[in-house]
Amino acid sequence: MTEQGIGAAIARREDRRFVTGQGHYTDDINRMGQTYAVFVRSPHAHAIINSISMDAAKGMPGVRDIFIGKDLADGGVGPLICGWAITDVNGEPHKAPPHPALAMGKVRHVGDPVAVVIADTQHQAMDAAAKVDVDYSVLDAAADLATAQGSNVQIHEEAPGNLCYEWEIGDKAAIDAAFDSAAHVTELEFLNNRLVPNAMEPRACVAEYDGGTGDYTLYLTSQNPHVHRLVMSAFNGLAPEHKLRVVAPDVGGGFGSKIFVYAEEVVLTWACRHVGRPIKWTAERSESFVTDAHGRDHVTKAELALDADGLFLAMRVNTMANMGAYLSTFASAVPTYLYATLLAGQYTTGGIYANVKAVFTNTVPVDAYRGAGRPEAAYVVERLVEAAAAETGRDPADLRKRNFVQKDAFPYQTPVVMQYDCGDFHGSMEQALALIGYTGFAGRKEASRADGKLRGIGFSSYIEACGIAPSAAVGSLGAGVGLWESANIRFNPTGNVQLFTGCHSHGQGHETAYAQIVADKLGVPYEQVDVIHGDTARIPFGMGTYGSRSAAVGGSAILKAADKVIEKGKKIAAHCLEASEDDIEFSAGNFTVTGTDKAMNIAEVAFTAYVPHNYPDGVEPGLDETAFYDPLNFSFPAGTHICEVEIDPDTGAVSIEKYAAVDDFGTLINPLIVEGQIHGGIAQGVGQAVLESAVYDGDGQLVSGSYMDYTMPRADDLPHYDVGFNSVPSPLNPLGVKGCGEAGAIAAPAAVMNAVHNALRDMGVNHVEMPATPQRVWEAIQGAQGAAE
Amino acid sequence: MTLTVSMTVNGESVSADVEPRTLLVQMLREHLGLTGTHVGCDTSQCGTCVVHVNGESLKSCTMLAVQAEGADVTTIEGVADGETLHPMQQAFHENHGLQCGFCTPGMIMSSLDLVKNNPDPSEREIREWLEGNLCRCTGYHNIVKSIDAGAKAMRS
Amino acid sequence: MYNFEYKKAGSVAEAASIIGADADAKLVAGGMTYIPTLKQRLAAPTTVVDMNGLGDLAGISVAGDTVTIGAMTRHAAVACSADVAAAIPALADLAGHIGDPQVRNRGTIGGSIANNDPAADYPAGLVGLGATVKTNRREVGADDFFIDMFETALEQDEIVTSVSFPKPVKAAYMKFPNPASRYAITGVFVAQAHDGVRVAVTGAGPCVFRVAAMEAALSSNWSADAVADISVSADGLNEDIHASAEYRAHLITVMAKRAVAKAG
Ligand SMILES: Cc1cc2nc3c(=O)[nH]c(=O)nc-3n(C[C@H](O)[C@H](O)[C@H](O)COP(=O)(O)OP(=O)(O)OC[C@H]3O[C@@H](n4cnc5c(N)ncnc54)[C@H](O)[C@@H]3O)c2cc1C
Ligand code: FES
Ligand code: FES
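Chains as they are written, first to last, in my numbering: chain A, 344 to 1132; chain B, 88 to 243; chain C, 970 to 1233.
Just so you know, the hints here were simulated from the structure itself, not pulled from any lab data. Glycine included, C-beta positions come from ideal geometry on N, C-alpha and C. Hints may be right or wrong, so weigh each one.
Said to hold, decoys possible - Residues of chain C clear of chain B, computed beta-carbon distances all greater than 10 Å: (1) Pro1005; (2) Asp1025; (3) Asp1052; (4) Gly1068; (5) Asn1084; (6) Asp1126; (7) Glu1127; (8) Thr1130; (9) Ala1185; (10) Ser1200.
What the hints assert, rightly or not - Just a few of them, taken from the derived set where beta-carbon distance is under 7 Å, the chain B residues facing chain C: (11) Val101; (12) Asp104; (13) Glu106; (14) Pro107; (15) Arg108; (16) Ser131; (17) Val137; (18) Lys146; (19) Thr149; (20) Val153; (21) Glu218; (22) Gly219.
If we strip away everything but chain A, and leave its shape as in the complex, we get:
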């Protein structure tokens, strides 16, 4: 490890612009002659659009134009798409009803856009939008996941009974047989609560069209500008790819919600040409609540079969997953391939069967949100395991250890597709036990009791799949795209380097971490490496950042490009040093002739490549190498998180007292950044467990549609986190990395909820749903005590 190379915990270079207010987020961008868009949105969850009257609004000051769904359809704009095809239990493709960018005929969720007003100022656009008069016939809404399937509310003609697909994995008969032979069966039913991603920067876009060249430019809050460009070209038909530039500048958090192709960016890109002016749209927070894809939202029944020794024989899971009113970009993959394939957890469970029904409801579309499917899976597995331990009178840590995949059993093939490459589950558990001070728990519980409080401890030994993904593998499962990544290392004649990556940083610190990789691998001073991302006009085609893929896939692409640089550099150095290419070694930025002191550093090689006066025959000038890396497998970060809570039985308030996390993320490129990722993930997981919930009423109104009712985790809700690492480098990628962006959000809900249940067990409570709000906890205690009396 060099001082600024791989493994160095250096502070981030991107910080300076953010701490001084010089970041450039999409809403900070203003173009000459810019106009503003405001969307007219449905106040109803389900209604027929009888008519849209725009006359009054069109006459308002500053109004340039108003467009509705028909205008887009007439203009040849294709509907929004879902890019992952699921094959259902009958071998049929999932139901994919059309999703026009502006609703046509019918609206299907509160917030569904119906029209867009373009005016010279934001205020004028808002004033006019208020005057667009939409006449609706309100229909009954199916907003509740548990009852939507088969209800007499028909959301899409194409999806009878509101079923998008029924999908399964595993041999049901074999699993049923295993359950029949079990010594003990643990059975749980629970919800995985619906969440709103709430990146602090609301979504925004600025679209402009250059009539002289026919080029479109779209500035956009995107995690994957090329994916946006591809979909908007190929499916929405807005412009050919080479005429559409998508720029994702500084992006204020994504967590999945900025992966997807949304109505607003499609509408603006189309409309800017018609209006002849750049157009800006920035979501208000209340708009974000009803337009950004939500996350989670499952109803699950799960069972675990154990033998008399406590070994896990089989698992059976039935899940209903909410898709919302339309299929968002990757929605169909989340409760299937990103969920059921992780149900083995860290254990050697003999067999697994999962059945998933994806259901349409009159709610905002649901798609990937930090963890995407894996938090739901970890919650199923870890809640079951902990309940099984309690039911069979076993220590929860011991029961886990008894069932963990052993350190020497890798590669380990699970019953649900995945093959784990490596890991040390026991080691992480032991380290986490030490970090939380497990042996001191009984004393702390006693101290809490003396203070009138209930204390509980909960475990979560999660595993997840990152580094999405081997293209052929995901292709065979229905993905519409490949999931490789690109990197371009460009040396300049004076020896400094620009790295162009297809990944996108919206908080993850790539500008620092990627520069560390290049500096380490090529021996170029860290300060002389710049990282460029987020602009389709500058970077090679890339798939973007989500699924904790930036290190495992994006980082590996960088190494591959670096290898190409070295390979070419050797040819140049061999020529200049008058040696055979086979005798050239490269290390720490120097090309040397083996066994001699003849050397040339990489800056000199770069200079020679651009000023090729004395140059090898047949070698192209320039030192500028691009690589595309397609991973061999997913990577499998795993670890054990342990949480301690204290509950005030009089009010039901839960406070997080201690939180210890030990994770195996493989090689750490920058531990400072990795710790930050784990902290943020834990906060979102704690938020899911005790604070956050998107609540719809029976009419499909989002009741928790602002921060007045949607509980965002605040600083005083959260504890100090104790973080440790137990790194086992992955053998499957050249960096040995695994991915760390989502682990906290995956592990924490189960750890917290297991602690809550542990605390409440003495009160006779055995079930509380997430979020475990004060009222819910208090009611559970009341219910249990009522039952006991």
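Put chains B and C with the ligands on the given structure of chain A with help from the hints.
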């Protein structure tokens, strides 16, 4: 109908013609080009818009621009000393107190007001002071650490 | 936000005459409630009358056993006031738990009570201490000031100018916050006030109210135990996604107990 509003922002006299309904944050961002102050909500709860007006931290999304007539306003752009970061900015950098950076200007402006009132805040006091500043990225751990370190640097 | 005219009031009389003449002209004080309302287009005033220039409405004074707080006094000023802390620490404590620091730097006592949000904190303080509200026209006792949800005794052209709090023997406020908004789900202010024991509850009902049974019990026995078994009926209490009426009723007893214990 517009009104001419004049004030001092980061030590400079400025003025702009704004509608009465123009918020201070809109004037800063749209009329003065000071885009370091952000907007993250419409219910006055997120704190990404915090600036100082006459030495106190407040939410620039919940004040009309006309109400700042004659005021002395400091935004995140006015915190550093030329190219030298303010100790609080430096502390956020060194302690990885930011990820996407969107909440950061508000966090820093808010924490400077805390330290003005309470030069040596405890961890609990820092956490409670941040009630009006939401961050979705960091889980607050390193923000709390940054403010602690920044306060310490400002004391010495 | 809809557009409006802006007028900075030079005096209380001027402000009163503008809002008296035009029912759609509205005062703005700290703006912590009114500006978010405007932003969400929930109000469309003709004129917004800014009270922020009325310096003589801001300030805290103590005379004998009475603490008087001007209508434009910010929550932060009350929370940090040495005078308030010395005379009525419970009131400083209450003010210090309203919203967040930036809200406290702007929000005013006059705005808070004029708005009479059912979940606001100050109404419990005023009723719990038996305060008197002074307006440009008259004095109104706190018991008569708060009428119903978002409704007070104020007439259209009436402006709160100050609030006078008689010093209690002892007092305390306990708030159980809404996890999202941090307003009170239930807040209970207890006091041995100038005119006897007072127990005022905010957040739980449509408007602040007193609990006579608790007041009677505490009058004869000032202890947490005295209220431990007194429950308030859930009938008519507020319900939302965070708290049912039953839960709020339960919290009244819990918070009352804790407030008495805190008051000592
Ligand atoms: C994020 C946030 C959190 C909050 N949390 C809490 C909390 O926990 N507890 C709590 O109690 N409050 C809370 N509040 C509300 C806050 O306390 C407000 O300051 C208060 O409710 C209104 O006071 P204001 O001075 O801001 O009034 P404004 O918003 O300016 O005015 C409110 C209303 O009162 C009228 N008005 C103002 N002054 C007078 C006067 N002198 N005479 C007659 N009418 C007048 C106005 O016309 C308007 O209708 C919160 C607010 C926010 C934004
Ligand atoms: S923008 Fe959210 S508080 Fe100001
Ligand atoms: S750093 Fe992204 S919101 Fe705080």
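Results for each hint:
1. The beta carbon of C/Pro1005 sits about 5 Å from the closest Cβ of chain B, which is not more than 10 Å, so the claim that it is off the interface is violated.
2. With a closest Cβ-Cβ approach of about 18 Å to chain B, C/Asp1025 is found to remain outside the 10 Å limit, as its non-interface label requires.
3. For C/Asp1052, the requirement that its beta carbon stay farther than 10 Å from each beta carbon of chain B is met, with the minimum near 18 Å.
4. Consistency note on C/Gly1068: stated as away from chain B, yet its beta-carbon is not over 10 Å from all of that chain's, at 7 Å minimum.
5. Under the 10 Å C-beta cut-off, the non-interface status given to C/Asn1084 relative to chain B holds; the minimum distance is some 14 Å.
6. No Cβ of chain B approaches the Cβ of C/Asp1126 within 10 Å, the least distance being about 22 Å, so the stated non-interface status holds.
7. Listed as outside the interface, C/Glu1127 is consistent with that label: its C-beta sits roughly 23 Å from the nearest C-beta of chain B, beyond the 10 Å cut-off.
8. With a closest Cβ-Cβ approach of about 20 Å to chain B, C/Thr1130 is found to remain outside the 10 Å limit, as its non-interface label requires.
9. No beta-carbon of chain B is positioned within 10 Å of the beta-carbon of C/Ala1185; the least distance is around 36 Å.
10. No beta-carbon of chain B is positioned within 10 Å of the beta-carbon of C/Ser1200; the least distance is around 31 Å.
11. The restraint placing B/Val101 at the interface with chain C is violated, with a minimum CB-CB distance near 19 Å, outside the 7 Å limit.
12. The beta carbon of B/Asp104 is not positioned within 7 Å of any beta carbon in chain C (closest approach about 13 Å), and the interface hint is therefore violated.
13. Given the 7 Å rule on beta carbons, the hint for B/Glu106 holds: about 6 Å separates it from the nearest Cβ of chain C.
14. Satisfaction of the interface hint for B/Pro107 is found here, the shortest Cβ-Cβ separation to chain C being roughly 4 Å, below the 7 Å cut-off.
15. Using the Cβ-Cβ criterion of 7 Å, the hint placing B/Arg108 at the interface with chain C is satisfied: the shortest such distance is roughly 4 Å.
16. For B/Ser131, the interface hint holds, the least distance from its beta-carbon to any beta-carbon of chain C being 5 Å, beneath 7 Å.
17. Of the supplied interface hints, the one on B/Val137 holds, with its beta-carbon coming within about 6 Å of a beta-carbon of chain C, less than 7 Å.
18. Hint status for B/Lys146: holds, given a least beta-carbon distance of 5 Å to chain C, under 7 Å.
19. For the restraint placing B/Thr149 at the interface with chain C, the shortest Cβ-Cβ distance is roughly 5 Å, inside the 7 Å limit, so the hint holds.
20. With 7 Å as the threshold, the beta carbon of B/Val153 comes within range of chain C, its nearest partner Cβ sitting at about 5 Å, so the hint holds.
21. For B/Glu218, the suggested interface contact is upheld, since its CB lies about 4 Å from the closest CB of chain C, less than 7 Å.
22. Evaluation of the B/Gly219 hint against chain C yields a held restraint, the C-beta minimum of about 3 Å falling below 7 Å.
The structure fails hints 1, 4, 11 and 12 (numbered hints given earlier, in ascending order).
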